[in-house]
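Please arrange chain B on chain F, whose structure you already have, making use of the hints.
2 protein chains.
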Amino acid sequence: MGETDGSPEDHSEIMEATHRALCEHGYASVTMQDIASEYGKSKALLHYHFGTKADLMGAFIDHLHDRFEQELASLEGRPDERLEAFIDRFFVEYDEDDRGELHLALLELRAQAPYDEVYREKLEESDALVRETIVDIVREGIDAGVFRPEVDPEALARLVLASMYGARTRGLTMGDEAYARAVRRDLWEAVIEPRRTESAE
Amino acid sequence: MGETDGSPEDHSEIMEATHRALCEHGYASVTMQDIASEYGKSKALLHYHFGTKADLMGAFIDHLHDRFEQELASLEGRPDERLEAFIDRFFVEYDEDDRGELHLALLELRAQAPYDEVYREKLEESDALVRETIVDIVREGIDAGVFRPEVDPEALARLVLASMYGARTRGLTMGDEAYARAVRRDLWEAVIEPRRTESAE
Numbered sequence: 063m064g065e066t067d068g069s070p071e072d073h074s075e076i077m078e079a080t081h082r083a084l085c086e087h088g089y090a091s092v093t094m095q096d097i098a099s100e101y102g103k104s105k106a107l108l109h110y111h112f113g114t115k116a117d118l119m120g121a122f123i124d125h126l127h128d129r130f131e132q133e134l135a136s137l138e139g140r141p142d143e144r145l146e147a148f149i150d151r152f153f154v155e156y157d158e159d160d161r162g163e164l165h166l167a168l169l170e171l172r173a174q175a176p177y178d179e180v181y182r183e184k185l186e187e188s189d190a191l192v193r194e195t196i197v198d199i200v201r202e203g204i205d206a207g208v209f210r211p212e213v214d215p216e217a218l219a220r221l222v223l224a225s226m227y228g229a230r231t232r233g234l235t236m237g238d239e240a241y242a243r244a245v246r247r248d249l250w251e252a253v254i255e256p257r258r259t260e261s262a263e
Numbered sequence: 063m064g065e066t067d068g069s070p071e072d073h074s075e076i077m078e079a080t081h082r083a084l085c086e087h088g089y090a091s092v093t094m095q096d097i098a099s100e101y102g103k104s105k106a107l108l109h110y111h112f113g114t115k116a117d118l119m120g121a122f123i124d125h126l127h128d129r130f131e132q133e134l135a136s137l138e139g140r141p142d143e144r145l146e147a148f149i150d151r152f153f154v155e156y157d158e159d160d161r162g163e164l165h166l167a168l169l170e171l172r173a174q175a176p177y178d179e180v181y182r183e184k185l186e187e188s189d190a191l192v193r194e195t196i197v198d199i200v201r202e203g204i205d206a207g208v209f210r211p212e213v214d215p216e217a218l219a220r221l222v223l224a225s226m227y228g229a230r231t232r233g234l235t236m237g238d239e240a241y242a243r244a245v246r247r248d249l250w251e252a253v254i255e256p257r258r259t260e261s262a263e
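Protein chains in written order, with the numbering used here: chain F, 63 to 263; chain B, 63 to 263.
Treat the hints loosely; a few may be bogus.
[As the list claims (entries may be wrong)] Pulled a few chain B residues facing chain F out of the computed Cβ check, cut under 8 Å:
1. E186
2. D189
3. A190
Because the hints were derived from the structure by calculation, they are not lab data.
As the structure is a prediction and not an experimental result, all values here were calculated from the model.
The beta-carbon is built from N, C-alpha and C at its ideal position, and this holds for glycine as well.
Isolated chain F (complex conformation) (with noise of 0.2 Å):
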C-alpha cells in the first residue's frame, strides 16, 4: 500500500485531492469519500489504489516529506538567514496558501500517533529532518563563524524546534496569528542573537 498502480501522475493528483479534502474537512472528518470527489473518480479506485483511509494518510505524509526536502533544498543565503527563513516559512507565515489547515489537520494526526504506530514512524522521519536541517544549517554557521564556537548545534535545534512548534500549535488551535511571530522575535532575542558573532552583524 501507499503507492498507485497507476502513473505518476494518477498518484500525484490523489496527493492533491487528499491536500484539498484535509484543509477542507480536517483529519478526523475527511472520508474517503470526500477524498474521490475532490479526485473526481470513485471511492472504490481510490480504496483500489490506497486501501484503507489510515493508508492514504500513510502515502500522504510520505508525499509532504518529499515535498517538503524540495524546498528545503531551494533555501539560500548565509546560514543565520536560512535559519530565519526556515523558521518564519514553516512555523510563522503558515497562513500562506492554506498551510495553516494543513498544519491543523497534521495536528489532529498527530494526535492520534500514539495509538498508530505508522503514523508515528512517519512523523518521526519527519519531526528527524526538521532537526536535521537545523542542526545543519547551524554546523555550517559555526564553520562560517556566524555562530559561536561554543554552541551546541543539537541543543540550539531542539530548543528552537519544541518552542516554533508549540507557538505553531497553539496559534493555529486558539486562532491567534500573532503569536508565532511573537515567539520567533522572543526566540531570536533571548536564544539566537546572543550566539551569532558580532561578525554576523
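The following block gives chain B in isolation, referenced to the frame of chain F:
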C-alpha cells in the same frame, strides 16, 4: 449546561469518571456510554445532567482549570525554584498519575478548538492562567532580586510556555519520554540561567 442539578458529590464523581474514560479511550473515541460506565449509572442520567458530549467536555475543562488553580496555590519556595517546580510538574513529569494520558486527550480536544468556540474560549482561559502564573513568578523574581531587572516577564513567559508546550506535545505523541526533560535543560541553560542574578546562584 455544565453543572449537575445534583449534589457537588455527583458533579465531582462525574468529573472523575470523565477523567478515567478520557485516559482510557482518548477524546475522539470516548462516548457518553464509556463515561456512564465509569460513573456506574445510566447514560440517560449523564445526558440529563450535562447535555451533549461537547457540553460535558466543556464542564470537564472548567473542572481541570479549578484543580489546576489549587495546585498552583500550593507551589512553594523562592521564585526561581517555583518556576522550575511548576515546569517540571506540568510539562516534564507528566507520566506520574496518568497525567500523560490526560494531556494526550486534551491535545485531541485542542485540535478541535478551531471548529468549536466553547472549547477555544475555555482553553484560552486555561492558557491565560498558565501564562499569568509564569509572568507573576518572574515579576516576583525580579522584585526579589533573583532575576535580572531588565528581564521582560511577558516575553520570558511566552518563550517558556511555547517551548515546554511544544516539548510536551511532541514527547507525548511520539512516545519520547526523555524529550521534554532535554528541552527543559536546554531552556534553562540558554534562557533561564543567563537571566538569574549572581545572588540567586
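Go through the numbered hints given earlier and state which of them the structure violates, listing their numbers in rising order. 3
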